[in-house]
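Participant: One-letter residues, chain by chain:
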Amino acid sequence: MKELAGLRSEVPRPEPSGLRAEEERLRAAFAASPAAAPAARPWRRWSAPRLLVAGGMVAAAGAGVLVTVNGSGEDGDGRDGRVVHVMPVAAERVLTKAADNAGRSRELRPRVGQYLVFESRSMNQVEYNSAAGHARYLSRTHRKVWYPVKGTSVDGVIIGRSLEPRPYPGWPIPPEAREQAKEPGQGKPERLADFDQRAPFLRTDYAYLSTLPTTPAGMYEHLYTQLGHGPAADAEAWNRVSGMLREAYLPAAQRAALFRAAAAIPGATTVGTARDAYGRTGVAAARTNPSLGFREEYIFDRETYQYLGMRTTVTDAAKAKAPVGSVVASSALLKVEVADTAPSPVARRGPG
Amino acid sequence: MSETSRNGPEEADDASVIERSRRDPEAFAEIFRRHAPDIKRYVVRRLGPDAAEDVVAETFLAAFRQRDRYDLRRAHARPWLYGIATNLVGRHVRDEVRQLRVLQRTGADPVTESFTERSDERVSAGALRRSLAASLAALPTGHRDALLLVAWGGLTYAETAQALDVRVGTVRSRVNRARKGLRKSLGEVAPAVSKSEESIRG
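Chains as they are written, first to last, in my numbering: chain A, 1 to 352; chain B, 1 to 202.
For the record, the hints were derived by calculation from the structure and aren't laboratory data.
All C-beta atoms, glycine included, are put in the ideal place defined by N, C-alpha and C.
Be a bit skeptical, because a hint or two may be false.
Said to hold, decoys possible - Below, simulated BS3-like cross-link-like pairs (lysine-lysine); rule was C-alpha separation at most 30 Å, straight line:
no.: 1; chain 1: A; residue 1: 188; chain 2: B; residue 2: 180
no.: 2; chain 1: A; residue 1: 144; chain 2: A; residue 2: 97
no.: 3; chain 1: B; residue 1: 180; chain 2: A; residue 2: 2
no.: 4; chain 1: A; residue 1: 144; chain 2: A; residue 2: 188
no.: 5; chain 1: A; residue 1: 335; chain 2: A; residue 2: 150
no.: 6; chain 1: A; residue 1: 144; chain 2: A; residue 2: 2
What the hints assert, rightly or not - With beta-carbon atoms standing in for the labels, derived distance ranges:
no.: 7; chain 1: B; residue 1: 72; chain 2: A; residue 2: 290; range: 27 to 33 Å
no.: 8; chain 1: B; residue 1: 12; chain 2: A; residue 2: 232; range: 37 to 43 Å
no.: 9; chain 1: A; residue 1: 93; chain 2: B; residue 2: 66; range: 45 to 51 Å
no.: 10; chain 1: B; residue 1: 142; chain 2: A; residue 2: 163; range: 55 to 61 Å
no.: 11; chain 1: A; residue 1: 336; chain 2: B; residue 2: 90; range: 52 to 58 Å
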């Protein structure tokens with residue numbers, strides 16, 4: 001009937017832009033779908049009949065998708081030669097589950113001009129030489145940062161508070177460490193950074209992260225941008241993941257792709273349980289860096305597989321100068337939200 | 001996903017696309033491109049834009065996960081998708097009724113308030129909208145679903161039956177009874193009622 005058909009008829013049929021959130025969640029599910037396992041196309045191209053006969057088994061065990069790092073990037077940043085990375089099919093379990101769950105949480109929809117606000121805790125190693133000799137301790141901070149949705153950290157604002165320091169395993173806490181917690185400027189908004197020297201492809205603002213590939217293979221390629229082969233490249237690729245997790249927010253599709261790509265980095269393993277800097281226990285994916293003697297762990301909630309935080313655990317006592325199993329760095333992401341404005345920075349942080 | 005054209009004869013039908021998406025998940029994006037705009041408008045009209053975002057996302061996620069069970073003999077996915085969406089709208093039935101009651105009481109529609117720039121055409125019909133809202137709010141859920149799939153979704157009775165997984169006869173009787181209720185309440189504000197029959201999609 002005409003009257004009913006006219007009721008609420010002013011609601012428009014949305015343009016594709018009005019369906020972006022829905023489409024992103026669907027695309028995250030594509031990335032998480034088992035049928036989306038890479039390899040489909042490349043191994044079919046190979047003509048060896050033996051491979052074709054063996055079908056999926058051989059493809060899953062040996063192949064993978066051929067990923068190329070563009071030799072001459074569109075941005076003309078002068079990369080030399082083509083580096084081909086094969087994304088392995090083997091995948092770490094925790095990150096795979098995190099990818100499966102990437103589309104389940106409610107999406108934030110920050111717009112350019114707004115800020116993403118991250119509240120976190122972190123514990124980091126501080127090492128220096130003073131009159132009293134060589135000192136090491138673990139400094140702890142509670143911080144809230146406002147990152148512009150588009151732009152660098154120079155336009156960001158931080159409110160930080162020092163917490164009671166902890167000893168570096170086996171080392172005394174130097175007296176200066178406790179002084180830090182009493183420094184002026186605690187709890188006041190400050191500029192986040194005076195400069196941001198990250199390469200353009202390592203930016204972590206939402207506007208940039210939204211442009212990254214939504215396929216695991218594409219994201220794998222991104223993680224290896226300008227990297228060669230071997231353990232050092234794998235360690236750096238793993239490290240780049242941390243930059244996109246710590247104080248960064250990706251759309252669900254990119255998040256799922258990131259977790260799947262990280263799960264395929266050679267050396268990624270599963271750690272039973274791990275505690276973040278806030279004391280929350282979860283399950284972790286980890287990669288050991290033998291040259292440093294540490295294992296870098298990304299921790300996820302054991303039920304929702306939401307990212308909780310990260311942790312660095314000693315695996316080589318001699319290299320780390322701390323007992324095996326001790327934790328020398330950690331962080332916890334407590335809250336992410338969108339804000340229209342950021343506080344005005346009041347003063348510059350003093351030198352040092 | 002930039003095209004908005006409906007699938008013409010040269011395009012593969014929905015069933016072929018869904019069949020392909022079982023091997024190549026990305027292919028399912030085509031189903032989204034074809035149907036998400038209409039589904040979204042339908043859900044927004046029932047629940048408002050806020051709840052609609054979640055419902056529409058969940059609709060296509062559910063459809064994607066169920067694609068292996070889709071009956072490939074059905075060339076068009078429209079009824080299937082509207083059925084999933086209507087089920088999910090059902091989880092918000094209290095919110096839907098609450099908003100209809102607000103419209104009934106105040107004449108202001110919480111569902112359409114963010115589309116106010118288009119409000120001119122509806123201002124004149126205040127009393128009519130209020131009594132339509134009252135009638136819709138009073139309907140049993142299954143009846144409201146059938147009526148709105150026909151009136152707002154543009155589905156035929158047969159498609160509505162598919163969407164709700166009931167017999168065509170059930171849809172016909174639900175819609176007729178719902179219409180009778182609407183006519184009765186409309187009679188009190190607008191004696192001249194259109195007698196246009198069920199909408200048939202072209």
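Participant: Indicate, hint by hint, whether the structure satisfies it.
Facilitator: Going down the list of hints, with the structure as the test:
{"no.": "1", "hint": "188(A) / 180(B)", "verdict": "66 Å, violated"}
{"no.": "2", "hint": "144(A) / 97(A)", "verdict": "28 Å, holds"}
{"no.": "3", "hint": "180(B) / 2(A)", "verdict": "14 Å, holds"}
{"no.": "4", "hint": "144(A) / 188(A)", "verdict": "10 Å, holds"}
{"no.": "5", "hint": "335(A) / 150(A)", "verdict": "20 Å, holds"}
{"no.": "6", "hint": "144(A) / 2(A)", "verdict": "55 Å, violated"}
{"no.": "7", "hint": "72(B) / 290(A): 27 to 33 Å", "verdict": "52 Å, violated"}
{"no.": "8", "hint": "12(B) / 232(A): 37 to 43 Å", "verdict": "47 Å, violated"}
{"no.": "9", "hint": "93(A) / 66(B): 45 to 51 Å", "verdict": "26 Å, violated"}
{"no.": "10", "hint": "142(B) / 163(A): 55 to 61 Å", "verdict": "58 Å, holds"}
{"no.": "11", "hint": "336(A) / 90(B): 52 to 58 Å", "verdict": "31 Å, violated"}
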